[in-house]
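Chemist: Sequence:
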Amino acid sequence: METENNKGHFIESIIRDDIANNKNKGKITTRFPPEPNGYLHIGHAKSICLNFNMAGKFNGKCNLRFDDSNPAKEKQVYIDSIQSTVNWLGFEFGSPYYASDYFDRLYTFALELIKKDKAYVCSLTPDEIREYRGTLTEPGKNSPFRDRTVEENLDLFSRMKAGEFEEGLHTLRAKIDMASPNINLRDPIIYRVKKASHPRTGNKWCIYPMYDFTHSLSDALEGITHSLCSLEFEDHRPLYDWILDVLDTPCHPQQIEFARLNINYTVLSKRKLQRLVEEGHVDGWDDPRLPTLEGIRRRGYTPESIRKFCELIGVSRKESRVDMGLLESCLRDDLNERAPRVMAVLRPLKIIIENYPEGMTETLEAANHPQKEEMGKRPITFSREIYIEQDDFMEDPPKKFFRLGPGREVRLRYAYLVTCKEVVKDENGNVTELICTYDPATKGGNTPDGRKVKGTLHWVNANDCLDAAVRLYDRLFKDENPEQDKQDFIENLNPASLEELKDCKLEKSLEQVLPEKVYQFERMGYFCLDSKDSTPDHPVFNRTVTLKDTWAKLSG
RNA sequence: UGGGGCGUCGUCAAGCGGUAAGACACAGGGUUUUGAUCCCUGCAUCCAGAGGUUCGAAUCCUCUCGCCCCAGCCA
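In my numbering, the protein residues as written are 23 to 578.
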């Protein structure tokens, strides 16, 4: 799949060089460090693939580590969901790691910092801290508590840990430089009091380490060699390095930043996704319209297609917005290979074949995949009454329309050639039924006389089919970039992102299928059983993705 | 008008001083019992702009322009 001399993206180049120079003894260890405060989305998939693939490619290891240092936002459900999602994507991580498992060691590191006079307990209020921090263009000023003695700091910090102080009264701050042009270096807070119960450590702690402190040290403790993160952490790298330089740590991982993923016609920020769910614009975190991995999975996306997508988009430092069409293309590519073909009529129009014997039923053979004989064949039944797609008939068709019309002949896939003899309408002039004739010589859809038929339609036997509901999904937003400032992205929601068809007729073989198994409804797209709302009595199918549709493009 | 980044085809993205890969999209054509798949073909004389260095620059230098990130006791 990849050429031998392909050097890969810039991170891969760095890793190759490091291995060539025997840095870290030639070992590679990466990590995927989600905070368990939400569900994973396709943007996380990029990071997951990057980290696991780099480790895999160079005989290394990738840790799944929960960055759980803020109990106010984190929950066990997210921890569970994240693990199963990473596994579903196809990556093995053994047992997960938790930053919370390092709380004791992190506390000891904080003590070390204090003893080295590189940290102090600050008793400014939150407002004062902000004030003292300065602005983007003005330097900050030193906290009046900056010169507390080591003893005093040790005492105060241990009392913070003991729970003697309420939230907001004291913080532990790194003593760096209040005049630094990099705001992250203006004595960043590294510990705060938070009297919250933690999903894993319960009430053991009432002080919790901040991200920069936790992350750099967790990386070092795990022997991470390459700490890959997104661009917005670039400004944090000096702090990451400062912490690891000042403290006596097992190693000093290299932080490398890359651009996070953006995709058009959707949003990929936890906050925005959360709003969509909480305000009820979608039906939960696993709504098939959402770019969450649980949503995408329910929709019918395969892990393989997501991994392929992540490979194709590349890794760079340029902020970009990838075309949703590429994701869909990866999906179709994969589904085209593995999805069995089947026939289903979504908007039924009844056809009566007047010269076909009443009460007769024939069993015909249909291929499960036109290009893959090994996928076998299945029986389908045919009778006097069948359904075809409403869109496959036009009373007054344009010349380029080669489906059914009055007097026209088409092929019913795997069955017979039929000709439309009569159009039956109701009192409002709506077409309700078609009377056709069939040519017995064309069984199987063959034309022994060699005559050409342009159109081949899918159909379902009216006397031997399954009733089902089918959900047609479209993009969630109308605009390519729903996050444009000025307007609220909610206003950009596509009102037609979900259309539910309730009177669909499916071929009988679909009777006992499992969710996540995707089928191609020939000429209609790829579909799978919904994992949540489907019941044996009332099956519900989701449209995973449409087929490429040249005709739709031509006909507007 | 503080600091840190980024600007190569419509969208991603290779390229690392030797004369613009690839993918998606798009446009033509062929095959086809899915207007699907598959198969051909085309698609940046040009790399944000302007100067400069060089035999030679998207690649080096200078300046200009544009966009993104940072002032949570979030990560």
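Hints were generated in silico from the structure; no laboratory data involved. Keep in mind that the hints are not guaranteed to be accurate.
[Said to hold, decoys possible] Straight-line C-alpha distance at most 30 Å; calculated DSS-like pairs for lysine-lysine:
{"id": "1", "residue 1": "Lys292", "residue 2": "Lys539"}
{"id": "2", "residue 1": "Lys294", "residue 2": "Lys443"}
{"id": "3", "residue 1": "Lys330", "residue 2": "Lys372"}
{"id": "4", "residue 1": "Lys539", "residue 2": "Lys443"}
{"id": "5", "residue 1": "Lys443", "residue 2": "Lys372"}
{"id": "6", "residue 1": "Lys372", "residue 2": "Lys29"}
{"id": "7", "residue 1": "Lys465", "residue 2": "Lys476"}
{"id": "8", "residue 1": "Lys47", "residue 2": "Lys29"}
{"id": "9", "residue 1": "Lys539", "residue 2": "Lys372"}
{"id": "10", "residue 1": "Lys294", "residue 2": "Lys500"}
{"id": "11", "residue 1": "Lys421", "residue 2": "Lys476"}
{"id": "12", "residue 1": "Lys294", "residue 2": "Lys79"}
{"id": "13", "residue 1": "Lys465", "residue 2": "Lys372"}
{"id": "14", "residue 1": "Lys294", "residue 2": "Lys330"}
{"id": "15", "residue 1": "Lys163", "residue 2": "Lys183"}
{"id": "16", "residue 1": "Lys554", "residue 2": "Lys575"}
Chemist: Does each hint hold? Answer for all of them.
Modeler: Checked hints:
1. Lys292 - Lys539: Roughly 28 Å separates the two Cα atoms, so the pair holds.
2. Lys294 - Lys443: Not OK: Lys294 and Lys443 at ~55 Å, beyond 30 Å, violated.
3. Lys330 - Lys372: violated (41 Å)
4. Lys539 - Lys443: violated (39 Å)
5. Lys443 - Lys372: holds (14 Å)
6. Lys372 - Lys29: The hint is violated at about 58 Å.
7. Lys465 - Lys476: holds (17 Å)
8. Lys47 - Lys29: With a Cα-Cα distance of about 21 Å, the restraint between Lys47 and Lys29 holds, given a limit of 30 Å.
9. Lys539 - Lys372: Satisfied, since the Cα-Cα distance of roughly 29 Å is no more than 30 Å.
10. Lys294 - Lys500: Given pair Lys294, Lys500 holds - Cα atoms ~16 Å apart, limit 30 Å.
11. Lys421 - Lys476: Roughly 12 Å separates the two Cα atoms, so the pair holds.
12. Lys294 - Lys79: violated (34 Å)
13. Lys465 - Lys372: Between Lys465 and Lys372 the Cα gap is close to 20 Å, so the pair holds against 30 Å.
14. Lys294 - Lys330: The given pair, whose Cα atoms are some 26 Å apart, holds under the 30 Å limit.
15. Lys163 - Lys183: Given pair Lys163, Lys183 holds - Cα atoms ~27 Å apart, limit 30 Å.
16. Lys554 - Lys575: Violated, at about 33 Å.
Hints 2, 3, 4, 6, 12, 16 from the earlier list are contradicted by this structure; the remaining hints agree with it.
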